[in-house]
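For the protein sequence lines, the chains are A, B and C, in the order given.
So the first sequence is numbered by our numbering: it starts at 1 and just counts up by one.
So the second sequence is numbered by our numbering: it starts at 1 and just counts up by one.
So the third sequence is numbered by our numbering: it starts at 1 and just counts up by one.
Hints listed in this document are in silico derivations from the structure and should not be mistaken for laboratory results.
It is possible that part of the hints are untrue.
To spell it out: a stretch of chain A is covered by chain B in this simulated footprint if at least three of its residues, at any positions, have a beta carbon under 8 Å from a beta carbon of chain B; those stretches are [said to hold, decoys possible]:
1) 112-125
2) 130-137
Pairs of lysine-lysine, DSS-like flavour, derived with a Cα cap of 30 Å [to be verified]:
3) K55/C x K146/C
4) K126/C x K194/A
5) K126/C x K55/C
6) K29/B x K230/B
7) K199/B x K94/B
8) K146/C x K194/A
For every residue, glycine included, the Cβ atom is placed at its ideal position computed from N, Cα and C.
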Amino acid sequence: MSGARRSSVAGDALAQIGACGLFLLQILAAVPGSLRHFRETVRQVWFVGAMSLVIIMTCGLFVGMVLGLQLYYVLSIFGGTAALGTVVSLSLYRELGPVVTALLFAGRAGTSMTAEIGLMRATDQLSAMEMMAVDPLAYVVAPRFLAGLVALPLLTCVFNALGIFGAHLVGVSWLGLDNGMFWSNMTASVDVWKDVINGVWKSVAFGGVVALIAVFQGYTAPPTSEGVAYATTRTVVSSSIVVLALDFVMTAFLM
Amino acid sequence: MPELLATPPAAAIDHHVEVRGLATVLGGKTIFDGVDIDIPRGQVTAIMGPSGCGKTTLLRHLTGQRRPDAGSIRVDGHEVPRLSRQALFELREKIGYLFQNSALLTDFSVFENVAFPLRQHLRLPEALVRNIVLTKLQAVGLRGAAALMPDELSGGMARRVALARAIIRDPALILYDEPFVGLDPVALNQIVKLIRTLKNTLGLTSILVAHEFSAVSRVADHVYLLAGGKIVAHGTPAELARGDSPWTRQFFGGEADGPVPFHYPARDYAADLGFPVAGRP
Amino acid sequence: MTQQRRSYQIGTGLFIVLGFAALGYLATQTTSVANFSQGPSYTLEASFTNIGQLKLRAPVKLAGVRIGSVESISLDPSHLDAVVRLAIDQRYDEIPDDSSASIFTSGLLGDQYVGIQPGGSPDMFKDGDQFVLTQSSMQLEDLIGKFLVSGSPPKPADAAPPAAEEKH
Chain A
1 MSGARRSSVA
11 GDALAQIGAC
21 GLFLLQILAA
31 VPGSLRHFRE
41 TVRQVWFVGA
51 MSLVIIMTCG
61 LFVGMVLGLQ
71 LYYVLSIFGG
81 TAALGTVVSL
91 SLYRELGPVV
101 TALLFAGRAG
111 TSMTAEIGLM
121 RATDQLSAME
131 MMAVDPLAYV
141 VAPRFLAGLV
151 ALPLLTCVFN
161 ALGIFGAHLV
171 GVSWLGLDNG
181 MFWSNMTASV
191 DVWKDVINGV
201 WKSVAFGGVV
211 ALIAVFQGYT
221 APPTSEGVAY
231 ATTRTVVSSS
241 IVVLALDFVM
251 TAFLM
Chain B
1 MPELLATPPA
11 AAIDHHVEVR
21 GLATVLGGKT
31 IFDGVDIDIP
41 RGQVTAIMGP
51 SGCGKTTLLR
61 HLTGQRRPDA
71 GSIRVDGHEV
81 PRLSRQALFE
91 LREKIGYLFQ
101 NSALLTDFSV
111 FENVAFPLRQ
121 HLRLPEALVR
131 NIVLTKLQAV
141 GLRGAAALMP
151 DELSGGMARR
161 VALARAIIRD
171 PALILYDEPF
181 VGLDPVALNQ
191 IVKLIRTLKN
201 TLGLTSILVA
211 HEFSAVSRVA
221 DHVYLLAGGK
231 IVAHGTPAEL
241 ARGDSPWTRQ
251 FFGGEADGPV
261 PFHYPARDYA
271 ADLGFPVAGR
281 P
Chain C
1 MTQQRRSYQI
11 GTGLFIVLGF
21 AALGYLATQT
31 TSVANFSQGP
41 SYTLEASFTN
51 IGQLKLRAPV
61 KLAGVRIGSV
71 ESISLDPSHL
81 DAVVRLAIDQ
91 RYDEIPDDSS
101 ASIFTSGLLG
111 DQYVGIQPGG
121 SPDMFKDGDQ
131 FVLTQSSMQL
141 EDLIGKFLVS
151 GSPPKPADAA
161 PPAAEEKH
């Protein structure tokens, strides 16, 4: 009995993954058509990117400040506070920046994408587009997917910059670390390609995954208010899990 | 049982839409079981029937949003179920569709909603777009509301905006999905007037799905009565109003019980209440 | 309407510019790219018998201050020496021509760099000059090897690991 139920849960999960993958193919097929609606893509970059800036910047600043405090304490045990800039920047570029930004992005922009598309489905707006001979995949879904792909790496860079600033604020301005030491140690050990650009690649992948899950959940949500609410929750849960798992896989490949 | 179905479609009449032998099963329930419908060009044809009899599904079949299990649907000579997506989109550009809940795009103002089909398919100078949109809004009496957002409109106004959007590209065929539902008498009269004006001035072929006979009888040239997956009656509103089949009597005469049962199918009433039933312990 | 569209387009543009500015800042100001001297420089040459782990673009330091970087490393086929070309910032043009160049390691296990010990000559280095005095990289393996070998004279032929075991 429970075995049968478990296998059906596994089957459901597999079916979801399969449907999501097929949906990705559909979106990719609709991308050339969506170039006609380029203005819509720009509008979505505005909604999911620019409108998320405040939360991303605030969180970046605080994450940087916390890292500065914690690592200063730990490093001072070994007399290595000079390495504060290095450790903060490396942990931000390689892991915290892409991952935390992706999680925030799923909560801020992913949910609104899901709810918006789900409500458009529930209020027949998608059918109306079909009837006006406008492909909703090209007009509604693909622009949001592309916007996620573009916006998340940019947000990650802003997050990282604010994080460094926060750590500098705590380490140098408050705890009295030497400014030159902070920067020279950082510049000596951070590599553009291995650290900064690899982090950007990660966030491109996360942006694609979060946006895909968000539009998929919205597009396939049952056209009722509970259906949309449930789909919104699922967007956050699944994209968080997938981002963390994908982070492990990508770290293993990029290291 | 169908009283007027026997009259064969006259070959001389130009039919904009022809449905033959339509059959659809949805979720194990038979929606259509051999439905034949002819929609004459330039006239208003109403499809009536009790709720849940598949009227909206019929419109979805006509526009290719859902493929039927069997049967042929010809719109303007095109066999809709066999059209490719591309050809379907080309056909839809010549069809207006008024959704039951208006389906206005919530992100855009009234003006942009009405302009949407123009902007998507044609590259027109902004001044021309403005003129066309304002003309259509004037036709539905809402030119003054161009700058409003959809959530600022009443139900009747939203439906009129949706109507302006449906006719923005001067379609030859327009489908109305329950245009009278949920309207106050004033708004209902406005919609009735608009449907009649559009037919008279533009010669639009109109298909009207509704169940308010009083409103339908004021605009429709023909009425099909759909029940139990079949066409049970067909004729002009006047013919149906004095028709004497049980279907028309129940549907247009306002009787609560008839071929459409008042009671949802259930087990024996007495047994349900726990009384002993004769023949069983 | 058009006004509204314009405003979000400008906003989107600003967002994209800000994002790329942040990327540019991270990539150039917080990484080793910041260490690549872009300003005008002149070149000095130094020959070493062994450069160890010295890499291209490794820093060149004088009194601990970075004054340039390693521009190229090549092998002199006639002497079988490593020839290291150093690009020195133009503003540090008063280095006595009897200064010596050594290869140091930052910390015990850190990266290697070229250190310059100033001499006392009144003449200064010019572009293309060569260091006369150089000291090669101190090889940590050699040091350990020498120490272990001298610590266990009875078995000089044996390699380091068994020797280490004997000490236990």
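Now the hints, each set against the structure:
With 5 residues carrying a beta carbon less than 8 Å from a beta carbon of chain B, the stretch 112-125 of chain A meets the three-residue requirement, and the given coverage holds. With a threshold of 8 Å between beta carbons, the proposed coverage of the stretch 130-137 of chain A by chain B holds, since 6 of its residues qualify and at least three are required. A distance of roughly 26 Å separates the Cα atoms of K55/C and K146/C; the hinted pair therefore holds under the 30 Å criterion. With a C-alpha separation of about 37 Å, the suggested pair K126/C and K194/A falls outside the 30 Å cut-off, and the hint is violated.
With a C-alpha separation of about 24 Å, the suggested pairing of K126/C with K55/C holds against the 30 Å cut-off. Restraint check for K29/B and K230/B: the C-alpha separation of about 14 Å stays at or below 30 Å, so the hint holds. Pair hint K199/B plus K94/B holds up; C-alpha atoms about 15 Å apart against a cutoff of 30 Å. Between K146/C and K194/A, the direct Cα distance comes to roughly 37 Å. Violation of the 30 Å bound is thereby established for this hinted pair.
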